[in-house]
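Visitor: First to last, the sequence lines map onto chains P and X. Residue numbers for the first sequence follow the numbering used here, so the first one is 22 and each next one is one higher. Residue numbers for the second sequence follow the numbering used here, so the first one is 22 and each next one is one higher.
Source of the hints: derived by calculation from the structure; they are not laboratory data. Some clues are possibly wrong.
Same chains, same names: a pair is fine if it fits in one copy or spans any two.
As the list claims (entries may be wrong) - Taking lysine to aspartate or glutamate and the DMTMM-like style, the derived pairs with C-alpha atoms no more than 25 Å apart in a straight line are:
#1 K348 to D332
#2 K348 to E397
#3 K85 to E397
If you're wondering where the values come from, they're calculated on a predicted model, not measured in any experiment.
There are 2 protein chains.
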Amino acid sequence: MRSKPEACSRRIDSVQFPIIPAIAQKIRQTPGTISLGQGVVYYGPPQQALNRIAGFLENPDHHKYGAVQGLPELRAAIAEKLSRANRIDLARSEVVVTAGSNMGFYHTVLAIGDPGDEFIIADPYYFNHEMAIRMAGCRPVSVPVGGDYQLQPERIAAAVSPRTKAIVTISPNNPTGAVYSEENLRAINELCLRQGIYHISDEAYEYFIYGSKPHFSPASIPGASAHTISLFSLSKAYGFASWRVGYMVIPAGLLDAISKIQDTVLICPPVISQFAALGALDAGLGYFQSKFGQIEAMRSELLTRLAEMGDFVEAPVSEGAFYILLKVRTRIDDLTLVDRLIRRYRVAVVPGSAFGIRQGCYLRVAYGALDRHSAEAGAGRLVDGIRGLISAG
Amino acid sequence: MRSKPEACSRRIDSVQFPIIPAIAQKIRQTPGTISLGQGVVYYGPPQQALNRIAGFLENPDHHKYGAVQGLPELRAAIAEKLSRANRIDLARSEVVVTAGSNMGFYHTVLAIGDPGDEFIIADPYYFNHEMAIRMAGCRPVSVPVGGDYQLQPERIAAAVSPRTKAIVTISPNNPTGAVYSEENLRAINELCLRQGIYHISDEAYEYFIYGSKPHFSPASIPGASAHTISLFSLSKAYGFASWRVGYMVIPAGLLDAISKIQDTVLICPPVISQFAALGALDAGLGYFQSKFGQIEAMRSELLTRLAEMGDFVEAPVSEGAFYILLKVRTRIDDLTLVDRLIRRYRVAVVPGSAFGIRQGCYLRVAYGALDRHSAEAGAGRLVDGIRGLISAG
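Isolated chain P, as found in the complex:
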C-alpha cells in the first residue's frame, strides 16, 4: 500500500520554476517596488478593440464554442496583414489563432517533436521556449549568440544533429533586445531547408524596433513556407496581454496536427478576445505608433542612466523589443543581486539564469510598462542599486 502518489512527473520536475511569478511574489513582499521585470507594455488595447464587445454580445451563438482554428473573420484579417506587412505568401500555409503566442510555440513543439527530439535555441533563450521543449520531452540544444547578441549561423549549423527538428529564432529578441540581421535569418532558414527541419520564427516583437534595421519575416523568403512556422502576438503591440490572442502561420500539412492539439488543450481561443482582436487589427499600426514614442523615450532615459555606470555594466546596443540584457561586472550571483535589488532598492529585474546564462551576472531590464515617473525612478534605483551592491559586495 502506497500512501500518497508521487509528487509530479519527471518531465515536469526537470522544468525550471517560472521566474515571472516568482519575482511577482518578491515584489508583493516589498511594496513600492518598481518592476522592470515582466515583458508587458504600459497601455491597453485601442478603443476599436473594445468597441467590438457590443457586436460579440449581440448574437447569443457567440457564447458557444468557436472554430478550433479561430474565427474565420479574424483569420482573414490576419491573413491580409501577413501578406501586406510581413510579405508572407499564404498559398500553402494556414493561419491558426491561439490563446497567446506561447501556446503557438508549445503546439508547434508537440506537433513536430517526439520525445528525445532536439530543438536548437539561442543561449540566452526565452525561458518559456526552453520550458515548453522540456515539457514535451524534447531536448533544448542552446547555441551561444555572439558578443553583439547576434546569431552565429555557423555554430548553429554545427549543432544540427539527426534528432534536430527545428531551429528557433526570436527577432526582435527576448531577452537580449537584438534585432537579427536579415542575412543571418536567411542563413538559418536556408540551413533548415537544406537539413529538412523546421525554422520556428517567433516575431512577437515585430514592431518594436529602434534602429534602422527593418523587421524581417523568414517566411517571406520564396519557398520558405513549407518549412517555416511563424509566431505572432497581439499581447505586446496592441496592449492585449491579458486577453490571450496570438496567431501562427504553419505549413498547410501541419494543420491536422495543430488542430488535434488545439481541440484537446483549448477547444477554441476565447471568442470575446478574438472579436476585440478584430478591432485591434482595424486600428492597426497607427495605434501602436501613437504609443511607441513613450517607449522610445523610456529606452533613452534608461540608456542614458546606464551609460553613467561606466565600468560596472556593459551591454551591446539593443535595437528591438523593450529589453536590455546587462552584464554586471561582479562576483555576486544574479539571483542574489536581483533579490537585494528588490529588497534594498525596490526595483525588480529578471536574473540571467532564467534565460539559461550560466556564466557571469546578467540582468534583463524591461522598460515597456513604464511611464515617465517610473522610468526615472526605476532607472535611478537600478543604477544606485547596482553601484551600491557591487561596491558593498
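Take the given structure of chain P and dock chain X to it, following the hints.
Guide: Chain X in isolation, oriented as in the chain P frame:
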C-alpha cells in the same frame, strides 16, 4: 539533402482527428442541418457576468498579464463554492483557473504522467481525454462500463498496473449521460488511495442531473484531497463555452508542476473572461435553474420520440449531462449512419467510434443546445432517419 520536414510527430499522428470540427464541416456542407452533436447549452452567460466587463475595463492594469493560477478574487469565489456546494475541504488543496476544463485535464496528465504511464478511462470515453493522454505520450487503458453505463469498480481494479498514474471518472458522464453512484465513486477513490495513484474526477456537468441521485464530488471524502484532482467548468452550467473558463482543485503538492505548465502554455487565463466568471458565480445556481427547465423539456421530448422506435434502438436511462448514447440495431457502421443522417435527413449526431466504441453502432445525441422547435424537428428527423436508413440498409 532532405527536401521538406516530415509531416508531424508520431505522438500526434497517433491521436484521432477531432470529431466535432469534422462534423461541423459536414453540417456546413448541408445547410439547414439541426445539430444534436456538440456538447453545448442553448443559453449564454447571466447578465451579472456581462456587467463585470465595465469593471474589467475600468483599470488599465487589467490588460496586463494576470496571475498564473487565476485572479485571487475569482479563486476565492470558487473556493467558497467548492466548500459550500461540493463540500470539498480545501485546507491542503489549491484552486487553479484554466482556459476551460479540457486544459485542466491536459495539465493534469502532463503534471503526473511520464511517457508510457497509464491512465484508466471508461469505455466509452470522452474523446478529448483519450486524445490528451496520447498526446502526452501516455497510454489510455479503457475499461468497459456495465450494460447500465455504470462503472465496474472490480474491472477497473483489475486494470491497475505498476504504470498506472490515475483513474479518470466523469460524472455526470460524457458521452453516456450516466450519473455514477456515490458507492462506485467512493470505491474508485478508495482504490486510488490504496494504490497510491490519483483519482481525476471530471465534474463539468455537475448540475445537469434529472434523476434523484445527487451529484457527488469524490474530493469531499475525508482524506481524499491528497490524491484527488477535480475538474470543473463554467462552459456548460453558465453558458460560458466561448469564454474559456474552467477550474481545477489539486493537491497542494502539485501546484508548482501545474504552475510551470500553465505559465508555459497559457501564461494566464483570459482576464476579461475571469471577470465575467466572477459575475456568473454571483448569479449562481439560480441562473442555471432558470435555464434548466427547457433542457429537461427537450430531454422528455427526445425520450418520448425515441421510445416510439421500439426495437430499432436501445439506451439505458440517462440521468445526467445532456447526452443520450443510443445503441442502434443495425449492421451499418456508425460513421456511415452519421454521414447519411446529415446528408439525407439533415440531423447531426456524434458516432460512437469517436468515444472508442469498437463494437456495435452507437450514436451520441446531445440536446443541450435545442429550443422547442429544433427539439421537435431534430427528434423527428433522427427517428425518421434511423428508421429509414436501417430499413433501407
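Visitor: Hints first: check each against the structure and report whether it holds.
Guide: Evaluation of the provided hints:
Taking CA atoms no more than 25 Å apart as the test, K348 paired with D332 passes inside one copy only; the shortest distance there is 10 Å, against 78 Å between copies. Taking the shortest alpha-carbon separations for K348 and E397, only the intra-copy value of 21 Å comes in at or below 25 Å, while the best inter-copy value is 71 Å. For the homomeric pair K85 and E397, the shortest alpha-carbon distance between copies (21 Å) is at most 25 Å, but the shortest distance inside one copy (47 Å) is not.
Hint violations for this structure: none, all hints satisfied.
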